Every structure is written in structure tokens, then in C-alpha cells.
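Just so you know, the protein sequences line up as chains V and W, in that order. Taken in order, the first sequence gives residues 71 to 580; the numbers are from our numbering. Taken in order, the second sequence gives residues 71 to 580; the numbers are from our numbering.
These are computed hints drawn from the structure, not numbers from a lab. On a predicted model such as this, the values are computed, not experimentally measured, just so you know. Hints are not guaranteed to be accurate.
Which copy is meant is left open, because identical chains are indistinguishable; a pair holds if it fits in one copy or across any two.
Taking lysine to aspartate or glutamate pairs in the EDC-like style, the calculated list, with each CA pair at most 20 Å apart, reads [as the list claims (entries may be wrong)]:
id, residue 1, residue 2
1, Lys201, Asp282
2, Lys175, Glu127
3, Lys384, Glu568
4, Lys154, Glu231
5, Lys384, Glu324
6, Lys277, Asp325
7, Lys109, Glu350
8, Lys109, Asp294
9, Lys289, Asp216
10, Lys348, Asp296
11, Lys168, Glu551
12, Lys286, Glu323
2 protein chains.
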Amino acid sequence: MSNLKSKYEQYVSHMRKIQDINSSVALLHWDNEVNAPLKGAQLRGQQIATLSATAHEWLTSDDFGILLKDLFSQKHLLSENEAKNVVLSLEHFNKENKLPTSFIKKFSTAQTNAFQAWIKARKAKDFSIFKNELTVIVNLLREKADLIGYDDHPYNALLDEFEKGATVKQLDLLFGNVRKELVQFVNEIKLYGKTSEKSFLNRHYDKKKQWDFGIKLLKQMGYDFDAGRQDISEHPFTTTFSPRDVRVTTRIEEDNPLEMIGGCVHEGGHALYELGLKPEYYGLPLGLPTSLGIHESQSRLWENHVGLSLAYWKANFEPLQKLFPASLGDVNLNQFYKAINQLEPNCLRTVADEIHYHLHVLIRYEIEKGLIEGSIDVDSLEQVWNQKYMDFLQVEVPHATYGVLQDVHWAEGLFGYFPTYSLGSFYAAQFFDKASKDIPDLYEQIADGNMKNLLEWLRYHIHQHGQKYTSEELCLRITGEGLNFKYFMEYARKKYSEIYCFNKEMVEEL
Amino acid sequence: MSNLKSKYEQYVSHMRKIQDINSSVALLHWDNEVNAPLKGAQLRGQQIATLSATAHEWLTSDDFGILLKDLFSQKHLLSENEAKNVVLSLEHFNKENKLPTSFIKKFSTAQTNAFQAWIKARKAKDFSIFKNELTVIVNLLREKADLIGYDDHPYNALLDEFEKGATVKQLDLLFGNVRKELVQFVNEIKLYGKTSEKSFLNRHYDKKKQWDFGIKLLKQMGYDFDAGRQDISEHPFTTTFSPRDVRVTTRIEEDNPLEMIGGCVHEGGHALYELGLKPEYYGLPLGLPTSLGIHESQSRLWENHVGLSLAYWKANFEPLQKLFPASLGDVNLNQFYKAINQLEPNCLRTVADEIHYHLHVLIRYEIEKGLIEGSIDVDSLEQVWNQKYMDFLQVEVPHATYGVLQDVHWAEGLFGYFPTYSLGSFYAAQFFDKASKDIPDLYEQIADGNMKNLLEWLRYHIHQHGQKYTSEELCLRITGEGLNFKYFMEYARKKYSEIYCFNKEMVEEL
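Next comes chain V alone, as it looks inside the complex (with noise of 0.2 Å):
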């Protein structure tokens, strides 16, 4: 075996172990959510301390970079794949050891006081109960920013933890659009749009049924239960083991089914990317999802354009009706489609709708880069979420836990994780208008509950390639150009004029 062979063999071998240990963690978190007994959560808390800082030892020390340095030297040698894995590792590399330990434990303190105010101050109800913290979290990552680095604005640093080459400048852009297109196609839904009854979604939906429909639904679109496993959880989520062991969970309602449907639909989305990751690239850059983005767009492109579409239901409705006549029996699959599809503004993101959530995305991320560059206080903050909530969305914000505290990712110290959840849905817009071009039947395979030919479109444009490229660099390969806006919003005004039965027209006879 040559040396530079060797050498790279050793580099993936150590790339295993730490994807070894890092499935691990996975593994101690999916069964604290989904199995743990109460008791054992704080010696558990610890053996996710040990593991997660053995993988974070492993993947900066410098016999590693001197491993990676020597293979970035003579990557003209390697094959293609494995030279981009080298450079991504060397990169994930040198930005790993940009942070000093010493800022890791104290970010990581203030990450367990952030948390531990923020949830005082949800029960209190209460956000000057959590400000002090939030400002030292804010305080650090601006520090963290200086650390890593940056062009133009700080902000950057931090997105590119979540979405490689995201820029504040192409931010901007997109969330300007929102801002301006987004707002005034919701408010011409609010002024000509019919609104469509949908009470009977919050009829009696037996748990056990609704169960068995969601297995159902996973395995119509292609999940592999001989290579996964849906639990229940608190929250949905979907967790990696290996590309061979994909697990996602779901909650059950019983007055609201589409809870279910729609967790299932988006976590199987999410599942069906890490299941057609190439396993012979696991631990390696192109054996992992490029991008939070990317990922977000298969959950969205799965929960949306196919989960909430006609087709879908077309295939799947009856089967539902037969399941619950006593709740669906006066109901046809139209009246069924419109209910599921009705927008309506609320103050919480979580439950949002596929339309007014890109403005809740919008306000936290005008937020974030607000604090980050400083033209946002902490101080203000409650204030600033209250009027964007109202100038937005038209909506009042009864008080901070339905408000600014409403959601963890601050307390946890990820700023720049909020984009993504619409770089995502973007994304899912133009993949699946290409798709859609590619596959000209595709809304009647979807409607005969056929999935196959959009699944192997999937695998073959995105999921098989990893962090081969990067999000933009996918979407300029598959849709012949980066990311635009316009596909989301002629979707958003397609579907929506439908369900709202109004039309160009009405709007410009105002």
C-alpha cells in the first residue's frame, strides 16, 4: 500500500471512531426522549458530557491536523471524492480549533444558565427573567465571530455553522422579498380570500388508528422500516445512527390527526436524506447531509408540496375516511384539502402554517442580526418581537412565553439555525418545481399514492452527494440557477388563489 494511501486510510478510519462516538450521543439523547426513565436523566446528561468531548478532542487534536495538512498537500493525488473530503475535514478542522477550550466551557456554562433562566422565565411568564443570560450568550458569540471570523458582517460566522456560505447579503435579499411579496399576498388572502370550514379536524381521532395510518403513510413514501423505527416523543424529531438506521417519532392527538400526519410526512422527508447518504462514506464530509437547509427543504418538500397537495390526498383520503367515518363521513376529499390548507396567523411558530411561518422566520432573523451587529438591545427586545409580531402579522402577543421566549434555540445559543427553516422551504419549492419538470406525471403518481420516481429523483439530485456540494452549488447543478425566491411565492400564489377561490383580478380592482 502506498504511503499516501495509508495515510488516507488512516484519516477515514479516524473519521470512523469519531462518527462512532458521535452516533453514540445520538443514541443517549433518541432514548432520553423516547425511553428513558426519569431518574436516569442525570447520569445520562453526564455520559453525553464524556462522549461529546472525546468526539471534540479527537476531531482537533494535532496529530489529526498534521494527518489532514499532509493529505491537503498532496490532495492533487487522491481521487476527486477523496480530495473533497479532505479539504471539507481540513476546513471543519481549522474552524474547530479557531475556538480556544477556554471559550467552549465558557459558552457552554452559559448555555446551561441560558437554559435554565429560560425556562424560569417561560414559567413566570416573565423575559426579564432571562436577559442577563441572553446578553452573555449574545456578547459570546459576537466574541465567537471574531474568533472564527468573517467578511462584511459578524452574522456570517454564525450562519455558516448551519448553512455553508450563507450570507447575510443573500439574506437580505430573500427575507426582503418575504417582507414585501409574502406580506401582501397574506394580506390579500385576509381581504378577498374564502375561507373554508375545518372544525371537523378537531373531531375524535383514535390514537391506535392514527398510529397505523402514519406507519402506513412512512412506508408509502419509501421509508424502510427495516432500517428505521417510528417511536412517540414529546416533540417530533428524526435522529442518525448510520445510514443504515434512521429513526424518526411522532405525536398523536386525538382531537387533531393532521399533528400526526404532518410529523410523520416531515420527519420521514428528513429521514428518507440521512437513508440515502452513501454508507460507504459514513463519518466522512460526503457521507453527511450538506447543509441544515437542504435538510429542512426534503422534510419541507415531503411535508408541503407533497404532504398537503391534492394529489397527495387523492391517494390517501379514503383510506383516512374509512378509518374515521364517524369524523370524516360528511366530509369529501375537497372540503377535506381546503381544510387542511387554511392559513391563519398566530403568534407561535411551531403551529404555524406553510405561508405566515417565513414571518416568523423573518422576525427572528431581523432580530438576531439586530443583536449581533448591535442595533438591537436585549433590553428592547420584548418590545421590538411585540411590534414585528404586530406589524407582520397582525397579531398580539398575550405575553413573553407565547412571545420571545416561545422558542429554545437562544437559550441553546444557536443564532443563525432560524434561517435555515426557510432556506428550506425555498429550496423544496424550486427542487420540486424541477421535479415536476423532470417527471411530467408526477402529480398523477402522486395521486395513485406512487412515490418511487420523486424519491429516486431525490436520492439521485441530492441525498447521494452529501457535503459534495454545498447548498447553492446543489441548487445551481439541479435548477440551472441559485436560490430564487420566485418559486416559493408562484407555489404560495397557485396553490393559495385556488384554495381561496380568488384571482388577480379581484386584487387589482382595489
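Take the given structure of chain V and dock chain W to it, following the hints.
For chain W alone, coordinates are given in the frame of chain V:
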């Protein structure tokens, strides 16, 4: 903080980290048995291997050795318990370091090969397929004994791994008793005993109802479902993630409720031991079970002395009967008690009753000792096995899969493990005898479904100590003497001569 104190804390922190890894390995295994999808197995195996290797590396590192030796040299300045932890950890360290990495790798490969050959051989019911690989294992185990070192007999070195301090000398005496007294007693029962009807045990017992009943039995024993859970697996087992999270599994057969009941009570006994260890010693010797024999004494005490007693069914027969009126409506308590205690020789260890069980272990003990000392060779093993089953149990072995290939232990390189099953039962009899003296109305309490005092007794005398005392030290402390077979024999004679309605006079008339 004094230098010594800081060093002791360094030691504790290192041990806890090792325990964190070991607990994660336990979760990876547990999840494999209970949850994991089929296709995830291969990469899961790799994750287990990485974590296990890491724990071993940390346990045997030079730096850790220096720390341990340093602490050992100052142990007179530590508290009694601290000193004990250090002494035991250093012992363990020295033992682990006696095996060079080259040996561990060789042995690991041999285990993998032997396991695969064993699977193949079982399928083909052909021992010859397993012969070569078993020979490799036996030779390596002899090498291992030499590397570790031993007094008197190489088998002692292997025994010590599972039952510290156990020796061939002790076991020869014990199994000499089994060979003489127990074999004779089984013959007496055969000649003079009156068997009872038990076919009603194979009527239909609904799985869900059995499950609920099992949960109640576990709760009755004092098993805390906030610090554990029960799941279904192919073979029942107990697994520990921390003294605050100890889980059991069971299996349920529709035509045999004893499978589930026995499983719950047996695994519950194991779990209560682990839950009784002191959390402040998590990761340290004083926080770990002292030996396999003592572990098994806890499961067997509950399974046999409690779960198969008349008192236990005074508390539990009526609820069981109410649950299954169609299957048990025509059965009374006494009939049920006799039915569940019928003795029957069989060629399979895992289905053996509490008496014949020890003849199975006797056979394995004699063979293991013979293989290690060289008085039995692998070539003649099947013949020796079958002959012993004829001699001691008067059963004919139909084929190798039901004979010499029935257990996985040898394929996994585990020699010296089997005797701990019998040691467990014998310790259990001696402990239970003492507990009955300390709690004079113990049977009445059990008949009331009240196990609190028994559990308290076990916690106080056994569970809390961890490895502070060896099996024999523990036995001496509790009962005033070392392990003595007579307690088991007395228990067996008293119980089964009643159940089988015969007495000494009848035997002596022979």
C-alpha cells in the same frame, strides 16, 4: 485541596469517564436487542467496537497506571472505602495489562471465527464444523491463563474473571456434592415421588394480559419504573446504564405463562441488585456488582426462593386466576404450586428446573476443567458430553444442537462462567436461610405480597457494598460461614419431598 485529594479525584473522574463509555456500550447493545432495525446491525457493531476499544485503552493507559500506583502507595492516608477502590482498580489495571494487545486481537478474531462456526454448526447439527475454532479458543485460553498467572490450576485464572477468588479446589468440593447428593436426591424423587398434573400451564394465556401481570410482579418486588423499564426481547436480560437506570426485558409465550413470570422475577432480581448499588460510587469498584455468582444469587433468590414458593402464590395466584379464568378457573392454589414445581430431566440447560439445572452445570464444569488441563480433548468432546448427560440426567441427546452446541458461551470464549450459575443458586439458598432467620415472618410477609423487608435485607447486606467484599467475604459476613452446599440441599429436600409426597422412611426402606 491537598495533592492526594486532587489525585484521588482525578482517579474518580477517569473511572467515571470509562464508565460513561461502558454505559454507552450497554445502551448500544440493549438497543440492538430491543429496538434496532435489521439493516443497522453492521455499523452498530463497529460503533460498539470503537467504544469498547476506547474504554479499554483508557483503563490500561500508562498515565492511569502511574496515578493508580501513586495513590496505592499512599492508601493509608485515604479513607477505608477510597483505599478499597484504589486497591481494586490497581488489581484490575494490572490484570488487564498482563494481556498484550497482540493477544487481545488474536483472541477477538478467534471469538468472531468461533461464533460464526458455531452458528453454522448449529444449523447443520454438526459439531465437527465447530471443532477447529473451539480448539483455537481452548489453546488461547490456556495461553491467557499463563499470561495472567495462577496457583494450582490454570482454570483458576479463568474463573477469577467472573468469580474473584473462586478455585478448582472449592468447586471440586461443591460439585462433588452435586454429583453425589443432588444426583441421588433426583433419583429418589424418580423412584418414590408422586408427580402432579401440569398440563393446564400450556393452555392459552393472552400476551397483553401476561405483560400487565408481569409489570405488577416487578412492582411488587420493589422494582422502580422511574429508574428502569421493561421491554420485549428474544432472550430476557438485564442491563445497567447507571444505578438510576436499570432495565429488564422479558419474552412472552402464549401457551406458557411461566416463561414470562420466571423471566420477570429473575431479571427483576438482577435489576434490584444494580439499583441497590450506591450512585456516589458510579464507575468505581464499590459501585459495581461484586461477582457473577452474587449477581446470580440475587436473581435466583427471587426466582426460586420467592417466585416458586407457596407463599408467593398465596399472594399472586388469585389475581392470575382472575386474569385467566378460562385457563385457571378449574385449578386451585395447591395444584398450581405443585405444577410449577415439577421436576423433569431434559437435555437443554436453559429450560432446566432449579434442581436439574446444577447437573447441567456440573457437566460443563467438568468438561471446561478437563479441556483447560488437557484431560479432555475437543475431538472427543461430543462423545464425552453425551455420555455425561446419560450418566447424570439419564437423557439421550438427540443431536449436537441440543447437546454440545446448545450454549453460546464457548463460542464467545467464556470459560469459567457456567459455574457461577450454580454458585448463584447455592449462595441464594444460604442467604435466604439467613434472611428467614432474621425476618421470622418472612413467608407470611411474602404471602401478603409484601417484599419490602426482604428487599431492605438484601440492600443492607449485599447490594450497597458493591465490590467492597468478595463473594466469600460477603457470605462469611452475612451467614458466619463460607459458601456451604448444605443450605441448598436442605431447601431442595424440604421443598420437593413435600411436593412429591415422600419421606426419608420410604427411601430408607429401599
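Going down the list of hints, with the structure as the test:
1. Lys201 - Asp282: neither (45 Å within a copy, 49 Å between copies)
2. Lys175 - Glu127: For Lys175 and Glu127, only the intra-copy Cα distance (13 Å) is at most 20 Å; the inter-copy one is 26 Å.
3. Lys384 - Glu568: Answer is within; shortest intra-copy Cα gap is 17 Å, inter-copy 71 Å.
4. Lys154 - Glu231: Close inside one copy (18 Å), not across copies (48 Å); limit 20 Å.
5. Lys384 - Glu324: neither (23 Å within a copy, 42 Å between copies)
6. Lys277 - Asp325: within (9 Å within a copy, 30 Å between copies)
7. Lys109 - Glu350: So Lys109 and Glu350 pass the 20 Å test across copies only (14 Å; inside, 39 Å).
8. Lys109 - Asp294: This pair counts as between: shortest inter-copy Cα distance 10 Å, intra-copy 33 Å.
9. Lys289 - Asp216: neither (47 Å within a copy, 56 Å between copies)
10. Lys348 - Asp296: within (17 Å within a copy, 39 Å between copies)
11. Lys168 - Glu551: neither (33 Å within a copy, 64 Å between copies)
12. Lys286 - Glu323: The answer is within: 18 Å in one copy meets 20 Å, while 28 Å across copies does not.
When the structure is compared with the earlier hints, violations turn up for hints 1, 5, 9 and 11 and for no others.
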